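*Asks:* Sequence:
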Amino acid sequence: SILQDGNCFFRCLSTFVNKKLLNAERFKNGRIKNKTLAKCETDNSVSLRKFICSFVEKNKEKYKNAIYYDDEMYSSIDDRIENMNNIGEFAGLVEIKEAAKSFRMCINIFVCRENETYNLISKIGKDDHKHCYLVLDNNHYELLETDFDILKAPPKNKEKSVKKNKKKDYGKSDRVLRNKKRIDYSK
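Take 846 as the starting number for the sequence shown in my numbering and just add one per residue.
There's no promise every hint is true.
Listed next, the in silico SDA-like pairs over lysine to any residue satisfying Cα-Cα at most 25 Å (straight line) [unchecked claim]:
no., residue 1, residue 2
1, K907, K946
2, K873, E934
3, K864, S846
Just so you know, the hints here were simulated from the structure itself, not pulled from any lab data. Quick caveat, the model's predicted, so the values are computed rather than measured.
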């Protein structure tokens, strides 16, 4: 479980790249019990946020279209970048795309379904890179720890799914994920 503080995407990335954080014992709310590791996770997530925002700033010409910067929440890509630099601002597809590109990874985002499975809704990055699996539930990202061979097995109903331990409601993310619009982020 990852702490729900608006920095969950960056905490997931930080945990994904640092095995000590991945294996750390956590409280029910997602906070790491060990104070040193908890500080490390927080510091790393803040650094990752600033790092990703600097890449978005550098490549902001790509994201000037309202569909990218989410015109329901931000007035421009510059407004999005300014807000995203603030701790607690929820990351969206612009930041996920830049993270995938910067860290040479494929970020797979799943949502919870009612039949206790996960449904892949977005795949950002190239297949030949290291895969990071996230679950988006109620505006919160969790790092999906699973047997990755299950994800590669041919599903019974032609949808990519994996068994899940407990039932959760669907959440909402930024407009692009909510509407499940198809945008090719691999370019």
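*Asks:* Now tell me, hint by hint, if it's right for this structure.
*Replies:* A quick look at each hint next to the structure:
For the hint linking K907 to K946, the alpha-carbon distance of about 13 Å falls within 25 Å, and the restraint holds. With a C-alpha separation of about 22 Å, the suggested pairing of K873 with E934 holds against the 25 Å cut-off. In summary, the hint linking K864 to S846 is supported, as the alpha carbons are separated by about 14 Å, within the 25 Å threshold.
Taken one by one, the earlier hints all hold for this structure without exception.
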